[in-house]
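S.K.: Listed here are the chains, written in short residue letters.
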Amino acid sequence: MDINQYMGMFLEESREHLQNLNSCVLQLENAPDNLSVLGEIFRSAHTIKGMSATMGFTTIAELTHEMENILDMLRKSQLHANPDIINTIFKCVDTLEQLVESVATNSESSIDSKPLIGKLKALAKGESIQVSVAATKTEKVTTEYSKIELSDTEIAVIKKAYEQGMNAYEVTIYLREGCLLKSARSYMVMNALDEIGEVIRTIPTVDELEKEKFDLSFQAILVTGCDTDKIQQAVLSISEIERAVVVACVVPDNINVQEIQQMTKVQVVQTVPANAVATVSAAVDKKNKGGQSVRVDIDKLDALLNLVGELVINKTRLEQIGLTHKLVDLVETIEQMDRVTTDLQSVVMKVRMVSVGQVFNRFPRMVRDLSHGLGKEINLIIQGEETELDRTVIDEIGDPLVHLLRNSIDHGIETPEERQAKGKNPIGEVRLIARYEGNNVIIMVEDDGKGINPEIIKGIAVKKELITQAEADKMDMNEAVKMVFLPGFSTAEVVTDVSGRGVGMDAVKNKIESLGGMVDVETKVNEGSKFKIRLPLTLAIIQALLVNVSDEIYAIPLGSIDSTINIKSSDLKTVQNKEVILLRGQIIPIVRLAHVLNIPETVEQQDELFIVIVHIGDLKAGVIVDNLIGQQEIVIKSLGKLLAGIKVIAGATILGNGQVALILDIASLIQ
Amino acid sequence: MSEQTYSSSDLQLVVFKLGQEEYGVSILQVQEIKRITEITRVPHTPEYIKGVINLRGSVLPVIDLKKRLNLPQQASTENARIIIVKVEEISIGMMVDAVSEVMTINEQNIDYPDVVVGSVSANYLSGVGKLDNRLLILLNLETITGIGQETTPV
Numbered sequence: 011m012d013i014n015q016y017m018g019m020f021l022e023e024s025r026e027h028l029q030n031l032n033s034c035v036l037q038l039e040n041a042p043d044n045l046s047v048l049g050e051i052f053r054s055a056h057t058i059k060g061m062s063a064t065m066g067f068t069t070i071a072e073l074t075h076e077m078e079n080i081l082d083m084l085r086k087s088q089l090h091a092n093p094d095i096i097n098t099i100f101k102c103v104d105t106l107e108q109l110v111e112s113v114a115t116n117s118e119s120s121i122d123s124k125p126l127i128g129k130l131k132a133l134a135k136g137e138s139i140q141v142s143v144a145a146t147k148t149e150k151v152t153t154e155y156s157k158i159e160l161s162d163t164e165i166a167v168i169k170k171a172y173e174q175g176m177n178a179y180e181v182t183i184y185l186r187e188g189c190l191l192k193s194a195r196s197y198m199v200m201n202a203l204d205e206i207g208e209v210i211r212t213i214p215t216v217d218e219l220e221k222e223k224f225d226l227s228f229q230a231i232l233v234t235g236c237d238t239d240k241i242q243q244a245v246l247s248i249s250e251i252e253r254a255v256v257v258a259c260v261v262p263d264n265i266n267v268q269e270i271q272q273m274t275k276v277q278v279v280q281t282v283p284a285n286a287v288a289t290v291s292a293a294v295d296k297k298n299k300g301g302q303s304v305r306v307d308i309d310k311l312d313a314l315l316n317l318v319g320e321l322v323i324n325k326t327r328l329e330q331i332g333l334t335h336k337l338v339d340l341v342e343t344i345e346q347m348d349r350v351t352t353d354l355q356s357v358v359m360k361v362r363m364v365s366v367g368q369v370f371n372r373f374p375r376m377v378r379d380l381s382h383g384l385g386k387e388i389n390l391i392i393q394g395e396e397t398e399l400d401r402t403v404i405d406e407i408g409d410p411l412v413h414l415l416r417n418s419i420d421h422g423i424e425t426p427e428e429r430q431a432k433g434k435n436p437i438g439e440v441r442l443i444a445r446y447e448g449n450n451v452i453i454m455v456e457d458d459g460k461g462i463n464p465e466i467i468k469g470i471a472v473k474k475e476l477i478t479q480a481e482a483d484k485m486d487m488n489e490a491v492k493m494v495f496l497p498g499f500s501t502a503e504v505v506t507d508v509s510g511r512g513v514g515m516d517a518v519k520n521k522i523e524s525l526g527g528m529v530d531v532e533t534k535v536n537e538g539s540k541f542k543i544r545l546p547l548t549l550a551i552i553q554a555l556l557v558n559v560s561d562e563i564y565a566i567p568l569g570s571i572d573s574t575i576n577i578k579s580s581d582l583k584t585v586q587n588k589e590v591i592l593l594r595g596q597i598i599p600i601v602r603l604a605h606v607l608n609i610p611e612t613v614e615q616q617d618e619l620f621i622v623i624v625h626i627g628d629l630k631a632g633v634i635v636d637n638l639i640g641q642q643e644i645v646i647k648s649l650g651k652l653l654a655g656i657k658v659i660a661g662a663t664i665l666g667n668g669q670v671a672l673i674l675d676i677a678s679l680i681q
Numbered sequence: 006m007s008e009q010t011y012s013s014s015d016l017q018l019v020v021f022k023l024g025q026e027e028y029g030v031s032i033l034q035v036q037e038i039k040r041i042t043e044i045t046r047v048p049h050t051p052e053y054i055k056g057v058i059n060l061r062g063s064v065l066p067v068i069d070l071k072k073r074l075n076l077p078q079q080a081s082t083e084n085a086r087i088i089i090v091k092v093e094e095i096s097i098g099m100m101v102d103a104v105s106e107v108m109t110i111n112e113q114n115i116d117y118p119d120v121v122v123g124s125v126s127a128n129y130l131s132g133v134g135k136l137d138n139r140l141l142i143l144l145n146l147e148t149i150t151g152i153g154q155e156t157t158p159v
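So the protein sequences, as listed, match chains B and S.
If you count the first sequence from 1, you need to add 10 to reach our numbering.
If you count the second sequence from 1, you need to add 5 to reach our numbering.
Hints should not be assumed to be uniformly reliable.
Said to hold, decoys possible - In silico contact screen, one side only, chain S against chain B (beta carbon under 7 Å); selected entries:
id, residue
1, Thr45
2, His49
3, Pro51
4, Val57
5, Gly62
6, Val64
7, Ala103
8, Ser105
9, Glu106
Calculated from the structure, these hints are not laboratory results.
Glycine is no exception: its CB is placed at the ideal position from the N, C-alpha and C atoms.
Let the hints inform the model, and build the full structure from the sequences given.
M.R.: See below:
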């Protein structure tokens with residue numbers, strides 16, 4: 011079987027399940043008796059096992075198998091989830107992650123899972139006298155006969171069938187080698203079986219069959235009045251079936267208690283605890299009702315988005331032709347088209363939106379490990395994980411958040427003793443909050459730790475020669491605290507494993523700014539700090555105001571525009587040699603765009619000035635432009651590698667007439 | 006890139022003019038040749054960057070080649086063109102005075118002088134082609150565009 015085509019799916023799903031495992035085991039640690047969480051863990055582990063076995067990754071399959079045994083015992087309350095077990099499970103998850111990643115990079119894995127397997131076995135044996143196995147079925151790909159253990163309900167069904175004079179058979183169907191549409195064949199087989207009787211169970215589950223998560227054979231338990239020949243006939247009437255083995259089901263009077271079977275075989279080994287499957291299929295049923303989804307390569311979405319972008323540009327072009335030539339019919343038609351393209355665009359944008367929960371998910375585990383390592387007790391509170399952001403932003407936002415969280419935990423939160431001495435709750439609190447704010451998404455990392463002391467910051471900055479003493483004396487609190495974002499700054503006196511190498515915060519700032527966002531910090535000594543990240547919802551298509559400066563056209567993102575005003579040049583005041591205006595009691599500094607953009611001023615001083623009031627966070631500024639052209643939807647294009655990193659310019663866009671206009675970077679304009 | 010082309014003994018060049026001098030770039034690096042269109046100035050860029058143009062929906066930087074090579078400026082004529090070249094996967098436009106022809110030149114006819122030829126610094130040269138009475142200056146696009154290395158200030 012060519013497994014390469016399934017590789018991407020395997021990796022993606024494995025990662026998803028591992029992520030799920032991580033968060034569930036964390037929950038389990040807090041509530042060791044929560045059966046539904048255990049069930050969830052079990053299902054994830056089980057799926058990983060099934061997938062890896064199918065793909066031939068025996069190490070992963072073996073490890074998950076042992077893990078499953080422990081989980082099963084936990085679920086049956088034969089074991090109690092003590093810290094030792096939880097830690098071992100965490101280790102398993104870590105090892106599995108490494109194993110999966112080594113599969114991904116196609117590298118020979120040097121990871122030895124033997125000690126862990128040993129540990130798991132010891133846990134299983136050492137702590138319970140009666141080790142019971144729900145049902146262990148070993149199935150080699152080549153074996154012809156296998157015995158499926160049945161769940162209580164299934165046994166009941168079969169017994170009832172006996173009473174009605176019917177029989178239960180175990181049908182093993184082998185597909186022909188090279189069979190192309192395995193799921194379709196299996197579906198046909200199931201249909202055929204359903205016609206002559208009732209299929210009460212399949213291995214793997216129907217859902218997995220549909221997804222082709224099996225090798226060349228699968229099994230079904232059939233309750234029917236027909237005999238074996240009839241069943242054989244029914245199955246073999248379908249093409250591409252190699253053969254079908256039908257054996258009568260053995261119904262045990264009571265479930266046997268046996269020792270765990272040692273699994274040392276290198277073949278594909280699969281164990282299916284009977285009631286686990288029952289819950290799996292129940293969960294699968296639930297999922298199917300919840301809605302269907304399709305996995306799509308992000309590149310395809312990007313291509314789609316690009317096409318929509320082109321469409322928007324061309325639509326704008328048509329609009330202009332209609333207006334200049336006064337073609338009423340065309341203008342009306344384009345208005346219709348406008349509605350459709352707007353809808354199309356918003357749908358495409360929505361498709362690319364991913365909830366930040368995807369990134370947040372991995373943090374509880376990280377915080378747990380960090381706080382354990384540092385001997386601190388920390389409560390991580392996550393809010394607003396359903397907030398959605400563009401996929402490209404999501405992919406990039408993880409690392410900066412890791413930095414911020416680590417900083418909060420390492421530098422922010424004090425040790426329990428210190429906290430008690432300060433009269434605080436010994437358990438520290440770190441909050442990770444996401445929410446919408448206008449056209450932006452705000453992500454905050456907040457802690458109730460010791461805060462950032464501006465005096466200490468100044469001291470370090472002077473010592474590291476980032477600023478002079480004189481500069482430090484002039485600085486106010488806010489400015490001082492913002493110095494944590496300077497390159498080469500680190501406040502930790504000791505460089506720990508976690509942080510303090512001084513590369514953190516400026517890297518965070520750079521990354522956020524490269525995403526078109528900004529980061530800010532608020533802090534109070536002994537009360538905690540709050541890092542606030544502001545990110546644009548999407549990076550591709552925005553509403554913008556087009557303005558004229560001399561004969562050049564620039565676009566200002568509408569998201570950062572407050573208002574536009576019209577003033578007399580006599581309304582301009584100067585404060586400390588800088589031009590300002592007074593707007594509703596607020597002093598707003600003025601930026602002359604022509605100046606900033608090095609445009610030779612050809613137009614003589616106008617008496618009437620157009621000012622666009624822009625804002626970034628709480629900062630406001632008035633931008634003097636020559637003329638306002640109007641609001642338009644623009645598609646953001648990058649200026650390319652050669653021109654990357656130009657101050658004041660955030661990108662470019664193509665106007666309706668095909669001309670290129672530059673998009674202003676308001677953040678750098680204000681600073 | 007250049008190694009590839011020079012390994013075969015025949016080299017196809019797009020020949021263009023800057024002032025009175027003739028220049029050449031390997032045809033393999035040329036994507037297309039365009040008439041001069043509207044170029045949008047980009048502030049805060051080196052002087053030799055003329056601006057950006059719209060090439061079927063994507064935004065491309067355009068270099069004023071004469072400024073880049075420190076050649077005397079003169080008003081552009083009807084014949085002026087933008088040659089779109091691709092350097093290490095990045096497309097860039099180069100403004101030239103005229104594009105004259107595509108010609109084949111044998112490797113034997115190319116010299117690699119390490120002194121300054123004409124007014125162009127050796128840094129931007131990859132060689133000089135001799136053909137009958139003509140001298141063709143072959144440009145090193147990597148250094149000219151500043152891609153793949155530190156930009157050398159002119």
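S.K.: Take the hints in turn and mark each one as holding or not.
M.R.: Do the hints match the structure? See the list:
1. Thr45: holds, 4 Å
2. His49: Because about 5 Å separates His49(S) from the closest Cβ in chain B, which is inside the 7 Å limit, the hint holds.
3. Pro51: violated, 10 Å
4. Val57: holds, 5 Å
5. Gly62: holds, 5 Å
6. Val64: holds, 4 Å
7. Ala103: violated, 24 Å
8. Ser105: The hint is violated - Ser105(S) has no Cβ within 7 Å of chain B, the shortest such distance being about 27 Å.
9. Glu106: Hint on Glu106(S): violated, closest Cβ of chain B at ~28 Å, above 7 Å.
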